[in-house]
Amino acid sequence: MPADPPLLAVRDLCVSFPARGRMVPIVEHVSLDLHAGEIVGLVGESGSGKSVTAMALMGLIDSPGVRVTGSALFRGRELVGMPQRQLRRLRGRDIAMIFQDPMTAFTPVYTIGWQIDEQIRAHEKLSRHAARARTVKLLADMGVPDPAHMAQRYPHQLSGGLRQRAMIAMALSCSPALLIADEPTTALDVTVQAQILELLRRLRGTHGASILLITHDMGVVAQTCARTLVLYSGRMAETGPTEAVFDRPGHPYTAALLDAIPPLYGPRPDRLPAIDGIPPQPADRPAGCAFAPRCGHAHETCLPAPPPPVPIGPGQQAACVLPAEGTPLPPRGPMTECTA
Amino acid sequence: MVALGVLALMALASLLAPLYAHDVAHTDPFASNVAGTIMLDGREVDIMQPNDNPLHLGLSPIGPTWRAAYLLGADSQGRDVAARLLYGGRNSLLIAAGAAVLCLLLAGVAGIAAGFLGGVVDTLLSRLMDIMWAVPVYLFAISLSIVMVSQSVRLGPFVLHADSLLIPVFIIALVYVPYAARPIRGRVLALRQAEFVTAARGLGVPVWRIMLRDILPNLATTLVMLGPLVMALALLAESALSFLSLGVQAPQASWGTIIQDGEGLIYTRPMVAIAPGLAIVIVVLALNILGDGLRDALDVRDSGRRAS
Amino acid sequence: MMAALLRRTGQTVLVLFGVSVLVFGVFFATPGADPTARIAGRNAAPQVMEKVRHEYGFDRPLPVQYAIMMKKLFITRDLASYTNRGQAVVPEIMRAAPVTASLVCGAAVLWVTVSIFMGTLAAAMKDTWVDRGLMMLGLVGISIPVFWLGQVANLVTQSRYHDTWLFSWVPGLGYVPFAQDPLGWFRALVIPWVVLAVMFIGIYSRVLRHDLVALAGEDFMRTARAKGLSPMRVLLRHGLRTSMVTFVSLFGLDFAQLAGGGALLTEVVFGLPGVGRLTYRALTMLDLPVIMATVMYSAIFVVLANAVVDVVYLFLDPRVRDAR
Ligand SMILES: Nc1ncnc2c1ncn2[C@@H]1O[C@H](COP(=O)(O)OP(=O)(O)OP(=O)(O)O)[C@@H](O)[C@H]1O
Ligand code: SF4
Ligand SMILES: [Mg+2]
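Chains as they are written, first to last, in numbering that gives the first Met the number 0: chain A, 0 to 339; chain B, 0 to 307; chain C, 0 to 323.
Derived from the structure by calculation, the hints contain no laboratory data.
So the derived list for chain C, only partly shown, Cβ under 10 Å to chain B, looks like this:
no., residue
1, Leu15
2, Val20
3, Leu138
4, Gln150
5, Ile290
If you want a taste of the chain B side facing chain C, the calculated C-beta under 10 Å gives, among others:
no., residue
6, Ala133
7, Val134
8, Thr267
All C-beta atoms, glycine included, are put in the ideal place defined by N, C-alpha and C.
Construct the complete structure from the given sequences, taking the supplied hints into account.
What follows is the structure, encoded as structure tokens:
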């Protein structure tokens, strides 16, 4: 692990929204470190607060009455509570974001090229011509065929995969140090997914970007991320090096997620074991461990308060009472089948 | 809430019109009273008085007395404007409410038929609405009025006399049908896709039962939401028609006809036209606020917007 | 694209036909009413009645009557007023059209600029007092009957405060042709413009604000903010530009309706001899040919304007461009 300070250090990030007269916590006490050149995975079911975490880092949540606390140091600068004026200068230039649905993420009435040019010219003093030249080059880098021509097309005229490539090109247009990719492949079909992931993995080398990759797909994490953070119902369930998390999950939720990955090789089981039940609504999270209602190992010690994350290995932490009680989950063995 | 209160107050006031005219003001709002006099501060005063305004020669009616009789003055025929205002309000509100109900009824039938039956019926009805919408609303209403007001209309066993209040009701309801039918049709289309309707169809429940039992109750929200808005439009339309002498016919009054009476007096006795206009503005505003509030309260669609 | 234009033209022709049938029906096929007497005017002599009956073919089947009427309106253009000593109707409308056009265009410029400003400002200041105030103002505007507002405006500018510095420049009621005196034209129309625009300012600013606020939750608006654009730029270049698509379609409809005679009340109150007032005058004399011709004219105008709006749409929204 590199010794220099992390590019992004998040500590105890909490986000809550007002609803029916009280503040409902959506994201609670999330901490993570992201070093230069690293890809970190943020995993969780739908509604677990992944997007809210990302939006909070970008300062993009503008719902009235929202409260964001904790700290997020980006290159030593505090993002939480930073005035919008300064945030704006970071956004798009130092931290860029890719969104889940490329269908709706572009403004429909402008060409792709116009929108990428716009971002470049928002941050750098560049002529229209020079900006367009860079746009075309970026599109070519992202594997868009006939980029000069594609730049003149409108979003609806492009396929989903091309649009997502254009989205990535736009995100990279000012060479950001950090790229937040919020489920960049969820809306795409499988073959295109693989291509986009491949593209993201290569970015580290070609554009020197660190990536916070948000996904609900453990398979994607296994193939892409050096470290992983598992979110359950707005709280950290487990975090650590991907390999360790996959080999020796410390949290029953992580283990259940891993069981739900279809094996890439070998015979496929008839049915994947799914996790019974659904996550609790943010407004009525249990007082204790949020996973308790669905957890096969739940017992009294889980119920009074949310278990704090405890170290269970080098760089690995799990928010579960089991390791401390001396009954950790059994290791699953080295992750052979999942690595790419 | 304030809006509802204002509406109730206005309705109540106009319901009490006869009471006011007979027992408070002691004036007859329908009979010409050009030669009449009233007692003001113990002196007898002519209702029609000479005036010195260069724009309006001859006699002009008395201005607001701010007393029980002729509170807001008299119109050009010496009638009590305040009393007429109340009577007129009764007609205006009745016509507007009647037209709104009838309009929603017609639009509901058209919208349900178009949205639920689809196909040819939908195409035909939608085209018809397009065509009706192509004629400016007021011109359409005026055309219909001129035909109907100039002589009685016979619709089968029904005879609508030229001075019947039902004529403006009918006309206004008709011209705003396209306005209301469109959202209703959209709502029906959405409902038709809804799971419970699909399920009912799968079970072989007859179409008319689905319409009555499942679609109509669900449409109620849309209808309730449209109600005040259509009534506001209807009230404006009624006043415009009456202003053009094509709505409520003399000697009956409505706010529109009173404004028309006041037109000739606008420079000398502006109160005759201003008072009914203000009444219209207040009621229409209250209706619009009510409609707005209902829409916000009933429309659940975008109340749950999320950040992602 | 070509096929789309052709289909659009076909639709337009169809609607035009439908409108003409509707108008014809309203005036000549209403049950229990004899159109001959209406055209001839009140208390017409029997010979005149006979002449009218023959000229319009009222003794023949309805489709023939329809055909005759359309011929008189569009081909021979000799539809004439009976009550007004045979004055031809179509040229009359052509004379009135520029007045209506002046009134409506000026009002349109006013209401579009003011409502864009109001709507955008309210959306930018969402949920503040400025927003609430502007929207309430808009609602008041929607609730005022235009003819009454016109009267009150006349009262203020022509009589009560006419002699103060504020309104002494307002000329008497009536119209001054632009070619004759541009400044006079302008002065004569300013007050009518404002009065006519008030209601539309109310409607448009509210619609625009609603659209902009709804758009703020869209993905592409979030993208635009994530790009590091200023809030102003996000609102104007991305939000407002996208809202313009609905704005324009709404505008097209209203503009067409007004230009087609919907401004009748304003014209009457301000004594502007436009198409609307022509209708009104005909109406007070029950001059059926004139009324029918003006209604037909306006309906046609509306339909054609709608077709134009659709074409403008093609330029505003690239999605529509490809979809057809
Ligand atoms: N602006 C907001 N106001 C109130 N609640 C919100 C807001 N935005 C998100 N939420 C709530 O926060 C929770 C987490 O949402 P989030 O979008 O972060 O989930 P997610 O993990 O990104 O899920 P998905 O995989 O579906 O994208 C949800 O329950 C959602 O309802
Ligand atoms: S704390 Fe208890 S309930 Fe929660 S995951 Fe661990 S064992 Fe299960
Ligand atoms: Mg999300």
